[in-house]
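Based on the hints, put chain B in the right spot on chain A.
Taken in order, these protein sequences are the chains called A and B. When the letters of the first sequence are read in order and numbered with the numbering used here, they come out as residues 31 to 105. When the letters of the second sequence are read in order and numbered with the numbering used here, they come out as residues 5 to 513.
No lab work stands behind these hints, which were simulated from the structure alone. This structure is a prediction, so every number in the text was calculated from the model and none was measured. Treat the hints loosely; a few may be bogus.
List of simulated lysine-lysine pairs, DSSO-like, C-alpha gap at most 30 Å [as the list claims (entries may be wrong)]:
| no. | chain 1 | residue 1 | chain 2 | residue 2 |
| --- | --- | --- | --- | --- |
| 1 | A | Lys36 | B | Lys131 |
| 2 | A | Lys51 | B | Lys55 |
| 3 | A | Lys40 | B | Lys131 |
| 4 | B | Lys504 | A | Lys67 |
| 5 | B | Lys496 | A | Lys59 |
| 6 | B | Lys504 | A | Lys51 |
| 7 | B | Lys496 | A | Lys67 |
If you anchor each label on the Cβ, the simulated ranges turn out as follows [to be verified]:
| no. | chain 1 | residue 1 | chain 2 | residue 2 | range |
| --- | --- | --- | --- | --- | --- |
| 8 | B | Asp419 | A | Phe45 | 39 to 47 Å |
| 9 | B | Leu10 | A | Gly85 | 25 to 33 Å |
| 10 | B | His429 | A | Phe45 | 40 to 48 Å |
| 11 | A | Leu39 | B | Glu367 | 49 to 57 Å |
| 12 | A | Glu100 | B | Ala308 | 44 to 52 Å |
For glycine and all other residues, C-beta sits at the position ideal for the given N, C-alpha and C.
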Amino acid sequence: MYGCMKNILKKALDFYIDGFKNMSVSNRKLWVIIIIKLIIIFVILKVFFFPDFLGSRYHTDKEKSNHVAEQLINN
Amino acid sequence: MEHFNLALVDWSRAQFALTAIYHWFFVPLTLGLSFIVAYMHTLYYKTGDEKWKNMTKFWMKLFGINFAIGVATGIILEFEFGTNWSNYSWIVGDIFGAPLAIEGILAFFLESTFIAVMFFGWDRVSKKFHMLSSWLVAFGSNLSALWILIANGWMQNPVGTRFNPVTVRNEMVNFFDVALSPTAVFKFLHTVSQAYIIGALFVVAVSAWYLLHKRHRAFAKKSILIASVFGLLASVFVAMTGDSSAYDVAHKQPMKLAAMEGLYDGETNASLYAFGFLNSQKDNTNFKGIRLPSMLSIMAFRDASAFVPGVNDLVNGNEEYDILPAETRIEKGRLAIGALAGYKKAREAGDEQLAEQNLKMFEDNYAHFGYGYFKDKQEIVPPVMLPFYSFHIMVGLGLFFILMFAWLLYASIQDKLDKYKWVLHLSVWSILLGYIASELGWIVAEVGRQPWTIQDLLPVGISTSHLSVGSVQTTFFMFLVLFTVLLIAELKIMLTQIKKGPEEGGSHV
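In isolation and in its complexed conformation, chain A is listed as follows (with noise of 0.2 Å):
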């Protein structure tokens, strides 16, 4: 069974090296734009301009309730 699925975890490798390793220059070049994107969006912008705005101040759920609910009251 682990030899069945080890066998297929590799062909699935294999079969996505074999399709990078033939892509043209150009398509090169939009994976690397690609790979820039998501380093820039869940790199730097999720972690120095998109905290989570809840859950860096309150710690648990009826502190954000609590938070949320003051909110809703006081306004």
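Chain B only, in chain A's frame:
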């Protein structure tokens, strides 16, 4: 909404609108072109003819460029929910969580797994599995759109849920009420079918350019034939689902319909503007134009003599037609907010009886909850001009697409495409019109429902996080730069590939 931080609310709105508009440059082409590619792939599978293979490979390559550049641009909207719209995100609770989780697990993995097979699978997997992969990518992309549009539909018509006053979150009571609400269903059908128009317009535009430059003529003509059939079916379907959406809006969001038609004073036998404009000599309640008698009543209530409420009826009320004045709704909303405060206080004090009384008052007035945050009845009115012009330009373009695809189909069958150069020129530029119509559709849907994030329950002003305006401005301009660079990159790579044209044997994306 002077009591809210308007600068923060407006910058948060602007940032979300900017991100959504840019994201929507990529999405409709993915949704539409995926089905055209899958159909061409099927023709190749059935006939084994190399011309279909080359055609599939070429359009698949352009699809791949758009997919690759556009992928994950939508995730930024989810970042914004957590950072800029934290009150809203908390209150929405599971309603967004469930559809978006299904989208993430099912649709995205379906899409991303089979997209690799679709691009790398030539001569590596069986022809049948390869062809099926193209269809699974198309269905996966559309399935992603389904869950997101269900979530959006719920914001326009919050059904199938219950607000929990303890956690101040909405909880799903009936998944099927949420997923199959007419608002969500029509929104999905209307949105994806207009995306099919974009896909068809894109194929027509590129192919028309080849015909004008006397290149790949047979390829271009076959592509136009397929795209015009697909585009014609999609554009007729868009008109039908648009009509159903308008009917739904009339019942669930009457203020939006009044704004779309610039209708200030309600009418029986209400007419629909075939063409209209703002009379700027007077005030902004004065629209002029050519009107189609009784058509608005028919569209809204399927009855020529039906009364369609206008902005003033919804603000001031109309006893004859049982429409509550906004001031009454504001009072009821304040009662609901007061009862929520009383309920929480009584629970903390352990006074069960008082808590029950407050809960009852809260539930009796919950339908008006969001109105309690307004100080003035005029705050419930959206900016009328934007939905009005957006709606009419969108409908006009929609009718134009029906005529254009019908003509292209006729000319394709008669083999007369080359004879009408001006139509080919028009076809090249029509892709821009497609994007304009598509973005205007979102402006109608989203600006028309202001000031609400959740219809009648949560105004935009109460939905935002307490951030500094400066931080929202910073990320606004960062997105402007990032998305503009991505769009330029896409256009540059796309134009290079189009100029290169389809090639024998093709290469993988």
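Status of each hint after checking the structure:
Taken as a hint, the lysine 36 of chain A and lysine 131 of chain B pair is honoured in the structure, with Cα atoms around 25 Å apart against an allowance of 30 Å. The hinted pair formed by lysine 51 of chain A and lysine 55 of chain B meets the criterion: a straight-line CA distance of about 26 Å does not exceed 30 Å. For the hint pairing lysine 40 of chain A with lysine 131 of chain B, the CA-to-CA distance comes to about 22 Å; that is within 30 Å, so the pair holds. Only pairs whose Cα atoms come within 30 Å are accepted, and lysine 504 of chain B paired with lysine 67 of chain A is accepted, the gap being roughly 26 Å.
Restraint check: the Cα-Cα separation between lysine 496 of chain B and lysine 59 of chain A comes to about 12 Å, which is no more than 30 Å; the hinted pair holds. A distance of roughly 22 Å separates the Cα atoms of lysine 504 of chain B and lysine 51 of chain A; the hinted pair therefore holds under the 30 Å criterion. At roughly 16 Å between alpha-carbon atoms, lysine 496 of chain B and lysine 67 of chain A fall within 30 Å of each other, so this suggested pair holds. The supplied range of 39 to 47 Å is met by aspartate 419 of chain B and phenylalanine 45 of chain A, whose beta-carbon atoms lie about 42 Å from each other.
A beta carbon spacing of about 27 Å between leucine 10 of chain B and glycine 85 of chain A agrees with the range 25 to 33 Å that was offered as a hint. For the hinted restraint 40 to 48 Å between histidine 429 of chain B and phenylalanine 45 of chain A, the CB-CB distance of approximately 44 Å keeps it satisfied. For leucine 39 of chain A and glutamate 367 of chain B, the Cβ-Cβ distance of about 54 Å falls inside the hinted range of 49 to 57 Å, so the restraint holds. The beta-carbon spacing between glutamate 100 of chain A and alanine 308 of chain B, approximately 51 Å, falls within the hinted interval of 44 to 52 Å.
Going down the numbered hints, you'll see the structure goes against none, and every one checks out.
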